[in-house]
Amino acid sequence: MSLQIAAAAYIYIHLALKKKSKRRRRWWTTHLYTGREKSGGNTLLQDLRTQEINGQFQNFMRMTSTDFDLLINSLHLKLLKAKQFLENRFLYKKD
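Numbering (this note's numbering), first residue to last: 4 to 98.
Derived by calculation from the structure, the hints in this document are not laboratory data. Check the hints yourself; a few may be wrong.
[Unchecked claim] Label-pair restraints from in silico Cβ distances:
no. : residue 1 : residue 2 : range
1   : L89       : T32       : 44 to 52 Å
2   : D72       : G38       : 17 to 25 Å
3   : G43       : A19       : 45 to 53 Å
4   : S77       : G38       : 44 to 52 Å
Backbone N, C-alpha and C define an ideal beta-carbon position, used for all residues, glycine too.
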């Protein structure tokens with residue numbers, strides 16, 4: 004009987020030591036993201052444009068600001084139409 008207890012204790016200790024300890028994850032945030040609670044997400048794009056020299060804009064958007072401007076300009080009309088469609092749809096649902 005004691006051999007079984009010793010074997011079970013060995014297996015338990017072996018598995019306990021083998022189990023990887025979970026390390027605490029570290030998250031880095033810049034002052035742009037931490038200030039979002041105060042000012043909201045509306046100013047995030049403007050703040051990113053001021054930090055373009057640091058590479059914050061390209062890191063967040065994964066494109067340069069000129070490419071982003073070209074994309075916004077090409078999609079501007081489609082976005083306006085979609086916005087108007089959604090606004091009209093919600094107006095009719097409220098009645």
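Q: Please name the hints from earlier in the document that this structure breaks, with their numbers sorted from lowest to highest.
A: 1, 4
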